[in-house]
Each structure stands twice: as C-alpha cells, then as structure tokens.
Amino acid sequence: MEKTKTKTTKYLPTTNYQLSTNKGFTLINILIASFIFLVVFLGVVEALKVSINLTAHNKARVGALALTNERMEFIRSLSFANIGTQGGLPAGDIPQQETIVLNGITYLREIIIDNVDAPEDGLGVDDENSIPADYKRMKVKTSWTIQGTTKTVSLVSDVVPPGIETNDGGGSIVMNVFNQIGEAVTNAEITIVNPSIIPPVSITRTMNDNGVFLLSGPAAGNYQVSVTKTGYSTSSTYGTTTEIVTPTPEHFLILEGNVKSKSFQIDKVSSKTIQSYTFATANTWVDFFDHTDKLWVTATTTIESGALVLQDDDGSYYPSGYAQSVSVSHPKLYEWQEFQWNHATSSETVIIYQVLYNTGSDWAPIPSADLPNNETGFSISPINLSSLDIATYNEIRLLTTLTTTDASSTPEVYDWSVSYLASPVLPNFDFNMRGNGNNDDITKIMGQDAVGNPVYKYNEDLQTNSSGEIALYNLEWDDYLITNSTSTTGLAIAISCPPQPLELSPDARATTSLYMTPYTDEALVVAVRNVGGVLLDGAEVRLYRTGYDETKKTYCGQSFFPNLSKTTYSVDVSLDGYTPQTLNNIAVDGPSSATTVVLN
245 MEKTKTKTTK YLPTTNYQLS TNKGFTLINI LIASFIFLVV FLGVVEALKV
295 SINLTAHNKA RVGALALTNE RMEFIRSLSF ANIGTQGGLP AGDIPQQETI
345 VLNGITYLRE IIIDNVDAPE DGLGVDDENS IPADYKRMKV KTSWTIQGTT
395 KTVSLVSDVV PPGIETNDGG GSIVMNVFNQ IGEAVTNAEI TIVNPSIIPP
445 VSITRTMNDN GVFLLSGPAA GNYQVSVTKT GYSTSSTYGT TTEIVTPTPE
495 HFLILEGNVK SKSFQIDKVS SKTIQSYTFA TANTWVDFFD HTDKLWVTAT
545 TTIESGALVL QDDDGSYYPS GYAQSVSVSH PKLYEWQEFQ WNHATSSETV
595 IIYQVLYNTG SDWAPIPSAD LPNNETGFSI SPINLSSLDI ATYNEIRLLT
645 TLTTTDASST PEVYDWSVSY LASPVLPNFD FNMRGNGNND DITKIMGQDA
695 VGNPVYKYNE DLQTNSSGEI ALYNLEWDDY LITNSTSTTG LAIAISCPPQ
745 PLELSPDARA TTSLYMTPYT DEALVVAVRN VGGVLLDGAE VRLYRTGYDE
795 TKKTYCGQSF FPNLSKTTYS VDVSLDGYTP QTLNNIAVDG PSSATTVVLN
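Numbering of the sequence shown is given in my numbering, commencing with residue 245 and proceeding in unit increments.
Keep in mind the hints are simulated off the structure, nothing from the lab.
Accuracy of the hints is not assured; some may be wrong.
[What the hints assert, rightly or not] Each computed DSS-like pair below joins lysine-lysine, with the alpha-carbon atoms no more than 27 Å apart:
1. Lys504 - Lys701
2. Lys810 - Lys796
3. Lys576 - Lys796
4. Lys506 - Lys516
5. Lys383 - Lys504
6. Lys506 - Lys701
7. Lys516 - Lys504
8. Lys383 - Lys506
9. Lys576 - Lys797
10. Lys395 - Lys385
11. Lys538 - Lys576
12. Lys303 - Lys383
13. Lys516 - Lys576
14. Lys701 - Lys796
15. Lys701 - Lys512
16. Lys538 - Lys395
[To be verified] Computed Cβ-Cβ distance ranges for the label pairs, DEER-style:
17. Ile441 - Leu286: 55 to 63 Å
18. Pro339 - Glu487: 31 to 39 Å
19. Leu827 - Ser590: 53 to 61 Å
Since the structure is predicted, the reported quantities are computational estimates derived from the model, not experimental observations.
Using N, Cα and C, we set each Cβ at its ideal position, and we do this for glycine too.
Given these sequences and hints, build the entire structure.
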C-alpha cells in the first residue's frame, strides 16, 4: 500500500504595527522653546550682573563714605581762618581735588569751601557791616565709577567764625547773571581766576537758583570772571592785550573792605545758515520742438521736422489741436520777463498762445486782470510778463492751440521761450560776519583797539561751501552785520534777506540769503514795509530824476538800483491795498545807500 505524503505549509509569525497619530516637535516649537530659554537665560545673566554691580557699588560706597568723613573731620579740626582750598576762595592749604585709590577702587574727592552771606544782617551790598562773608560752607564730595556708572556721596557742613566776621584784608563782590530779557539764569557756572596773587585763585562754582554768587574775602586785585551754562552763551571780563587796549568790561578790581555788585548776561545760543546767490541773472527756457521732452500733454498735434504741427489723419489734418509745455520755474525766481515764439501760418490757419498757472487742482489761463488778453489768447510775439506777481505765479506753463480750415494745410510752431531773472547759487563766497551790527550794545564788544575801534566778541571771516551755504552754530543773540571785500570779489551785496543788520534772538534757528551783484560805486536799496514793520513783496518802486527813470518790484521787500549817480532821487512806491507814497531828496552816496518807505 502506497503511502501518501502530505505537505504542510508553515507560516512565519507576523506582527501588526499601527502608525501613531501623535506628532513630534515642529521647527516652530523648537524655536519658541529656544526663545523662552534664551529670555530666561539672559534675564538670569542680567540679574547676576546687576547683583554684582550693586555689590561692587555698595562696597565702593563704604569706602567713599569713609574718605568723605575723614576729610570733613579734618577740615572741621582746622581754625576758621585756615579753612580754605588751594587756589580757592577762601584760600587755604586743602587741595580742591584729590585722586585716591582705596581697596582697588579709584575715587575722586572734591572739596568746595565758600563764604556764605546770611540774610539776618542783610545781603550783599546791603549787609549792615559791609562784610557779606558771615560764615563758611564746606562740601566734601567723593565719586567713583564702576562699569561706566558714576556714583557720588557728599557731606555739607557750616562753620562760623569765633567772633565778628572779617574779610581778612580782602573785599567782596556779589555777581548776578540774567538772560536777554532780564530774568535770572538759574545754576549758571561761574569761573573766577587770578594768577597774579599768592596763592593764585582758580575756582569754578554754580550760581544759585536766583542767578547770584557771592565772592567774599579774596585778596585785593584784578579777577578774571566768566559765566556760562550748557547750551548758553558766555559772558566774561577782559584784560589788556596787543589787540584790546581798553577792555570792556575789564577784570574786576576788588579793594580791601569794599563791597561791589556786578551783573552778567547770558542766554541760549542760536544757529544761522548763510546762503549766497548771484542776484537776478538772465535765464531762458526754450523748446525748439526737436523732441517731446518739454511737452507735458498734446492733443492731435505732433512734432515733424523740428516744428509742432497738427496731426495728419489719413491724408487730412485735424481741424484743431493743442500742446502744453512742462512747468517753467526757478527756486530763486526774481522776475518773469517775456514769452515769445516763432511760427508760420496762412490765411486758413491760426495759432493762439496762452500762459497757464497752477490753481492747486488744475492748470488754467492766468486771468486777464493780471495778464491782459491772456484768457482770449495771443497771436503776436512777444508778450511782456514782468507785471506778474512771482508770489502768485512762481510757476507757469505755456499753451498753444492750432486750428485750420483747410484739411491740407497746418500751421507750424518752430520754437517758444520764456525769459526770466533768477538768482543761481554762488559757491565758495568769502565774507565777514561780526556782531553788534547796530554799534549800540557794549556787551557785544571786548573793548577798543589802539585807535579806538571796537573789538567785537564775534568777528569771523567765513566762506560758503560749493553749494553756496554755511551753517553757523553756538551764536550769541546779537545784531550781526555781513560784509565782503569788493576789491577781491568784485561783488557787492545787492539784497540781504532779511535786511541787515541781522537780528538773532536767543534759541533761534535763522537763515539769511545774500544776493550778490557786480560792484558799482553808487547804488541804492529801497525797503518797503507796512506800519507794523513787515517787509512787503511785489510793491512797485519807481526811482527817478532828470535823465533816469526805473521801476522795479520788491523782492524780499526790497528793490535794488545799481549804476546810479551821486545825487538825490525821488521814489514812488505803490502796492494794491496800500496808499501810494512818494519820497523826495533821497541821497545816493556810495555803494550801500539805503532808504525805507512805509506804506499805510
């Protein structure tokens, strides 16, 4: 019997896996976590730094207090007469400043000792015994710096004399500081120096909230004094030099037993920008129609062979069309002069021209009231534009309208132009600027030279840059005067805007524009103002005499007339809204003659 073999299939064991739906960390999660860790870490580091600095400063403060106390106790151990500083007032042997190293820390110790005027027996010159030095005030200040941070501790103590106060052979002076309008300047810095006495004096103090400082008890002699404040001008006394023969104000003379009062004036400094231009030079804007760059908009007109013509529409010209120019202007426009053109027309063609201005929302023809016949248009060249007020019409466009009644014929415009006067930048202009332009303020001079001429506090030779400009800073309030060397430059100031002298107030930012013209021996500037003193632009100024008659409009409230004769003239001035004025016998005598006309 045959055996049958049975096949057995074996299966490998299997395992079922299921993908998890839980997500891992994304890049954003990692960045957020890193940011949080960084913030925490930096916060810990900053807190550690603050803690270290605080510990270091606390340690330094202990040393500073010890040094301050030590010096204060030493000063208090001295007799009243010996309490003073080297080079200070009152004078003594105590250094005004010391640098000390303690426990590896560097300290600056400062000692300030001043005489104090008590109000009980009167202040300053009103002191009942004429000795304002009633007692001494001592201040010891110790400072240190760690990681760029400076800290200070200080002690203040008063000490009175054992008996009646004295000046010890010296005198007293009460110093006051005011601003331009007479208000006290608080906490101004005053420096007092006298190197000629023994011991020499050199102290710097802060004046009180009332702008007062008492200098009491110094030895008789001349004392140099300077008063200033951050952001303010400086007021000083002056001594005799090779330039200053008679100083004003001179150094203070303190006499034994004498009490004086002196005042200074300081105020916030200002800045001024000076700009230089060449006055009213001739300029021309012109379009020869060799390209379209100078056309703003056109309608059924085109440029062909250097002419503006009507467009051809399949062998026939359009019956009409127009073209408008780009804007014509200048940042320093002085006067429009003429609008002129060259064209060709026939009996079948017409060309009309108009001058447009910016209404604020569109470009429209200048009213005929300001430019006669402009609203209907012009056909005969040239057109005088000099009557246009540049304050109203400081930018214009040209418009031409071409028409034809013959489809085979077109008018042609070959060119159009506008001439005007404008003042381009004058680069690298040399000039001098000095203070006390009215020559009526002795506080703006340092004294007089050997021949009695004033020596000004501000007197500088300057030059504008390649852009015709120079900025001047830290100027004291004053009336400034600008001049130039006509022999060197061949130029003279035609108009200064604003007019000279240039009044500069405290804490001001001002700009002056100088308009230069070729020098002439005889010239006149006529300024026109209203009753309030405001300069009037656009006024018509007629200057005349036998053989001369010229009319100009004011620019920056002034009209300049060069090439005159040394004689007398009459002037008529008119402006809409004002009563016309006439002045006679105006003398012209030199290149800088000037007069002012006031309109009501």
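Tested hints:
1. Lys504 - Lys701: holds (25 Å)
2. Lys810 - Lys796: holds (20 Å)
3. Lys576 - Lys796: The hint holds at about 17 Å.
4. Lys506 - Lys516: violated (31 Å)
5. Lys383 - Lys504: Holds, at about 26 Å.
6. Lys506 - Lys701: holds (19 Å)
7. Lys516 - Lys504: violated (38 Å)
8. Lys383 - Lys506: holds (26 Å)
9. Lys576 - Lys797: holds (15 Å)
10. Lys395 - Lys385: holds (10 Å)
11. Lys538 - Lys576: Satisfied, since the Cα-Cα distance of roughly 21 Å is no more than 27 Å.
12. Lys303 - Lys383: Given that 27 Å is the threshold and the Cα spacing comes to 22 Å, the pair holds.
13. Lys516 - Lys576: holds (20 Å)
14. Lys701 - Lys796: violated (39 Å)
15. Lys701 - Lys512: Distance ~16 Å between Lys701 and Lys512 Cα, so the pair holds.
16. Lys538 - Lys395: Distance of about 68 Å is beyond 27 Å: violated.
17. Ile441 - Leu286: 55 to 63 Å: About 59 Å separates the Cβ atoms of Ile441 and Leu286, which means 55 to 63 Å holds.
18. Pro339 - Glu487: 31 to 39 Å: holds (36 Å)
19. Leu827 - Ser590: 53 to 61 Å: This hint holds: roughly 55 Å between Cβ atoms.
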